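**Q** As you go down the protein sequences, you meet chains A and B in turn. Basically the numbering used here = 1-based index in the first sequence + 40. Basically the numbering used here = 1-based index in the second sequence + 5.
Don't take every hint at face value.
Here are a few chain A residues that sit away from chain B, every Cβ distance over 12 angstroms (derived from the structure) [as the list claims (entries may be wrong)]: (1) Lys48; (2) Ile52; (3) Ile68; (4) Ser95.
Each computed BS3-like pair below joins lysine-lysine, with the alpha-carbon atoms no more than 25 angstroms apart [claimed, not checked]: (5) A:Lys70 / B:Lys7; (6) A:Lys70 / A:Lys107; (7) A:Lys48 / A:Lys71; (8) B:Lys293 / B:Lys328; (9) B:Lys111 / B:Lys48; (10) B:Lys7 / B:Lys48; (11) A:Lys70 / A:Lys104; (12) B:Lys293 / B:Lys136; (13) B:Lys294 / B:Lys137; (14) A:Lys104 / B:Lys16; (15) B:Lys16 / A:Lys107; (16) B:Lys278 / B:Lys293; (17) A:Lys48 / A:Lys70; (18) B:Lys294 / B:Lys278; (19) B:Lys294 / A:Lys104; (20) B:Lys328 / B:Lys48; (21) B:Lys294 / B:Lys328; (22) B:Lys293 / B:Lys137; (23) B:Lys136 / A:Lys48; (24) B:Lys7 / A:Lys107; (25) B:Lys294 / A:Lys71.
Taking beta-carbon pairs under 10 angstroms as the criterion, some of the chain A residues facing chain B (in silico) [stated by the list, open to error]: (26) Gly47; (27) Leu50; (28) Asp51; (29) Glu56; (30) Arg62; (31) Gly66; (32) Val82; (33) Val90; (34) Gly91; (35) Glu100; (36) Glu101; (37) Ala102; (38) Lys104; (39) Thr105; (40) Phe109.
Don't read these hints as lab results, they were simulated from the structure. Just so we're clear, the structure is a prediction, and the values are computed from it rather than from any experiment. Even for Gly, the Cβ is constructed at its ideal location relative to N, Cα and C.
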Amino acid sequence: MCLSVPGKVLDISSEEGFRMGRVDFGGIVKKVCLEYLPDIQVGDYALVHVGFAISRVLPEEAEKTLKLFRELDGMEEREER
Amino acid sequence: MKYIDEFRDEKIARALIRQIAGRLTREWVVMEVCGGQTHTIVKYGLDQMLPEGVRVVHGPGCPVCVTPLEKIDQAIAIAGLDDVIFCSFGDMMRVPGSASDLHQVKAAGGDVRIVYSPLDALRLARENPAKKVVFFAVGFETTAPANALAVWQAAREGLGNFFMLVSHVRVPPALTAVLEAPGNRVQGFLAAGHVCAVMGTREYEPLAEQYRVPIVPTGFEPLDILDGIDRLVRLLEAGEARVENQYTRVVSRDGNLAAQERIFSVFEICDQKWRGIGEIPASGFRLKKDFVRHDAAVAFDVRDIAPCESALCMSGDVLKGLKTPGDCPAFASECTPENPLGATMVSAEGACAAFYHYGRHEKAGDTIRRKD
Ligand code: SF4
Chain A
41 MCLSVPGKVL
51 DISSEEGFRM
61 GRVDFGGIVK
71 KVCLEYLPDI
81 QVGDYALVHV
91 GFAISRVLPE
101 EAEKTLKLFR
111 ELDGMEEREE
121 R
Chain B
6 MKYIDEFRDE
16 KIARALIRQI
26 AGRLTREWVV
36 MEVCGGQTHT
46 IVKYGLDQML
56 PEGVRVVHGP
66 GCPVCVTPLE
76 KIDQAIAIAG
86 LDDVIFCSFG
96 DMMRVPGSAS
106 DLHQVKAAGG
116 DVRIVYSPLD
126 ALRLARENPA
136 KKVVFFAVGF
146 ETTAPANALA
156 VWQAAREGLG
166 NFFMLVSHVR
176 VPPALTAVLE
186 APGNRVQGFL
196 AAGHVCAVMG
206 TREYEPLAEQ
216 YRVPIVPTGF
226 EPLDILDGID
236 RLVRLLEAGE
246 ARVENQYTRV
256 VSRDGNLAAQ
266 ERIFSVFEIC
276 DQKWRGIGEI
286 PASGFRLKKD
296 FVRHDAAVAF
306 DVRDIAPCES
316 ALCMSGDVLK
326 GLKTPGDCPA
336 FASECTPENP
346 LGATMVSAEG
356 ACAAFYHYGR
366 HEKAGDTIRR
376 KD
């Protein structure tokens, strides 16, 4: 139940008064409630938990973290040489 | 998949592990407080790859596992009623109650349905006006926005046949309970990233300060967890007790304000029992008075059920980080995922089940074997 998965928002619609949208999880598409992410747009990634988007995944922050990882890796390689 | 695969790179994992090893001047014990993280750690054997000197213990991070036995018994009692459609997340189905479980109720003809989201239960209530639809609302803060919206919407639509059996838990008071437990060995926490996605990291700041422990909200992929441990070790070695966010791509200091607003319009904080641990002050959510007509515990009057726990199970100590599953004499013998004695053997996120599934059948001590 704790599982939350990042997916890409494909479209945004309104259902029963809620902001809903289809979200693509690596090929599996599910209807997700977007009520808690009023600013999210088509093409953005959201973290989804029990059918609800709870947070937008920030690409610039993901890139920052990955850059730190790559630097660490590169640093070690230079040391090994 | 994007935002998943990049965070599983094995070469970088090894670099992170070497970096952690390079920082260590003494031994540290850290705790992860999320079943999803427990699962990743055991699945990838991260605890076995970490250098000597960092010990990761698994905390009370699985809401399925800590749902109090009397709630399970209440759920079983309600699910067996003729005019009820009982809806639950799949991982609650095999959690042992005192005498039975939801799966057995279903096998005996009870209308028990596994749903993916509480909105599915709401839909069933709309479609079946002659039935009472009860949703078993279990979870940490991560699940609370979904459950809150379902109740709020039921009230707005006047759906008198929609009920919720609530057993919600909050993480920060559980950290306090771990820190205050006699014999506590935990010196730092990986906080659950998805709980923080909703609640933000602000509420961990006073905890870090008061108990002088670093707290690192962390993601769920192997590199996230190793990065989280690396940051914790750096803070511990420097003697810095503060909150440092590892999971910045998802978690902010404030969290999701729209979700928090909805949670607190529907729920209020209450004392809550945790299975195997006992009552922790202010560690739960219950429905506010305005929503009492949707409260299943009130509507079905099941509050007096007296539970009876298996005498063999030591899941309470496993949840508090005092024992590992291998310490339990019943582990993998009397107790298996097919025949669970305790809740930590049921959910894939429970420590006992995670150890079982990934073949950690060796006994205590070995389970936290370390190698460089
Ligand atoms: S192995 Fe089974 S009996 Fe032992 S602590 Fe875990 S759940 Fe309880």
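**Q** All hints are to be evaluated individually against the structure, with a verdict given for each.
**A** Now the hints, each set against the structure:
A Cβ of chain B approaches the Cβ of A:Lys48 within 12 angstroms, the least distance being about 7 angstroms, so the stated non-interface status is violated. Distance to chain B confirms A:Ile52 as a non-interface residue, since its nearest Cβ pair spans about 15 angstroms, more than 12 angstroms. The claim that A:Ile68 lies off the interface is violated: its Cβ sits roughly 10 angstroms from the closest Cβ of chain B, which falls inside the 12 angstroms cut-off. With a least beta-carbon separation of about 4 angstroms from chain B, A:Ser95 fails to lie farther than 12 angstroms from that chain, contradicting its non-interface assignment.
In summary, the hint linking A:Lys70 to B:Lys7 is supported, as the alpha carbons are separated by about 17 angstroms, within the 25 angstroms threshold. Simply put, A:Lys70 and A:Lys107 have alpha-carbon atoms about 31 angstroms apart, too far for the 25 angstroms limit, and the pair is violated. Straight-line distance between C-alpha atoms of A:Lys48 and A:Lys71 comes to about 12 angstroms, which keeps the hinted pair within the 25 angstroms bound. For a cut-off of 25 angstroms, the pair hint linking B:Lys293 to B:Lys328 is broken: about 37 angstroms separates their Cα positions.
For the hint linking B:Lys111 to B:Lys48, the alpha-carbon distance of about 31 angstroms lies beyond 25 angstroms, and the restraint is violated. Proposed proximity of B:Lys7 and B:Lys48 is supported: the alpha carbons are some 20 angstroms apart, at most 25 angstroms. The suggested pairing of A:Lys70 with A:Lys104 is violated, with an alpha-carbon distance near 29 angstroms, which exceeds 25 angstroms. Proximity of B:Lys293 to B:Lys136 is assessed by CA-CA distance (about 24 angstroms); at most 25 angstroms being required, the pair is judged to hold.
The straight-line distance between the Cα atoms of B:Lys294 and B:Lys137 is roughly 20 angstroms, inside the 25 angstroms bound, and the hint therefore holds. In summary, the hint linking A:Lys104 to B:Lys16 is supported, as the alpha carbons are separated by about 18 angstroms, within the 25 angstroms threshold. Note on B:Lys16 and A:Lys107: the hinted pairing holds, with a Cα-Cα distance of about 14 angstroms set against a maximum of 25 angstroms. Taking the CA atoms of B:Lys278 and B:Lys293, the gap is near 18 angstroms; set against the 25 angstroms cutoff, the hint holds.
At roughly 10 angstroms between alpha-carbon atoms, A:Lys48 and A:Lys70 fall within 25 angstroms of each other, so this suggested pair holds. The suggested pairing of B:Lys294 with B:Lys278 holds, with an alpha-carbon distance near 20 angstroms, which does not exceed 25 angstroms. Distance restraint check for B:Lys294 and A:Lys104: the Cα-Cα separation of roughly 45 angstroms exceeds the 25 angstroms cut-off, and the hinted pair is therefore not satisfied. Taken as a hint, the B:Lys328 and B:Lys48 pair is honoured in the structure, with Cα atoms around 19 angstroms apart against an allowance of 25 angstroms.
Only pairs whose Cα atoms come within 25 angstroms are accepted, and B:Lys294 paired with B:Lys328 is rejected, the gap being roughly 40 angstroms. For the given pair, B:Lys293 sits about 20 angstroms from B:Lys137 by alpha-carbon distance, which is consistent with the 25 angstroms threshold. Restraint check: the Cα-Cα separation between B:Lys136 and A:Lys48 comes to about 37 angstroms, which exceeds 25 angstroms; the hinted pair is violated. Between the alpha carbons of B:Lys7 and A:Lys107 the distance comes to roughly 15 angstroms, so the proposed pair stays at or under 25 angstroms and holds.
With a CA separation close to 32 angstroms, the supplied pair B:Lys294 and A:Lys71 exceeds the 25 angstroms bound. Below 10 angstroms, beta-carbon pairs count as interface contacts, and A:Gly47 has one with chain B at about 8 angstroms; its hint therefore holds. For A:Leu50, the shortest C-beta to C-beta distance to chain B is roughly 14 angstroms, which exceeds 10 angstroms, and the interface hint is violated. Taken as an interface hint, A:Asp51 does not check out: its beta carbon lies about 18 angstroms from the nearest beta carbon of chain B, beyond 10 angstroms.
With 10 angstroms as the threshold, the beta carbon of A:Glu56 comes within range of chain B, its nearest partner Cβ sitting at about 8 angstroms, so the hint holds. Hint on A:Arg62 is violated. Least Cβ distance to chain B is approximately 14 angstroms, over the 10 angstroms limit. For A:Gly66, the shortest C-beta to C-beta distance to chain B is roughly 4 angstroms, which falls under 10 angstroms, so the interface hint holds. With its C-beta approaching chain B no nearer than about 15 angstroms, A:Val82 sits outside the 10 angstroms limit, and its interface hint is violated.
The criterion of a C-beta within 10 angstroms of any C-beta in chain B is met by A:Val90, whose closest approach is roughly 5 angstroms, and the hint holds. For A:Gly91, the shortest C-beta to C-beta distance to chain B is roughly 3 angstroms, which falls under 10 angstroms, so the interface hint holds. Interface restraint check: A:Glu100 against chain B, minimum CB-CB distance 8 angstroms, threshold 10 angstroms, status holds. Given hint, A:Glu101 at the interface with chain B, holds; its Cβ is 4 angstroms from that chain's nearest Cβ, closer than 10 angstroms.
Interface hint status for A:Ala102: upheld, as the beta-carbon distance to the closest one in chain B is roughly 4 angstroms, under 10 angstroms. The interface hint given for A:Lys104 is met, as the beta carbon of that residue sits about 7 angstroms from the closest beta carbon of chain B, less than 10 angstroms. Satisfaction of the interface hint for A:Thr105 is found here, the shortest Cβ-Cβ separation to chain B being roughly 6 angstroms, below the 10 angstroms cut-off. Given the 10 angstroms rule on beta carbons, the hint for A:Phe109 holds: about 5 angstroms separates it from the nearest Cβ of chain B.
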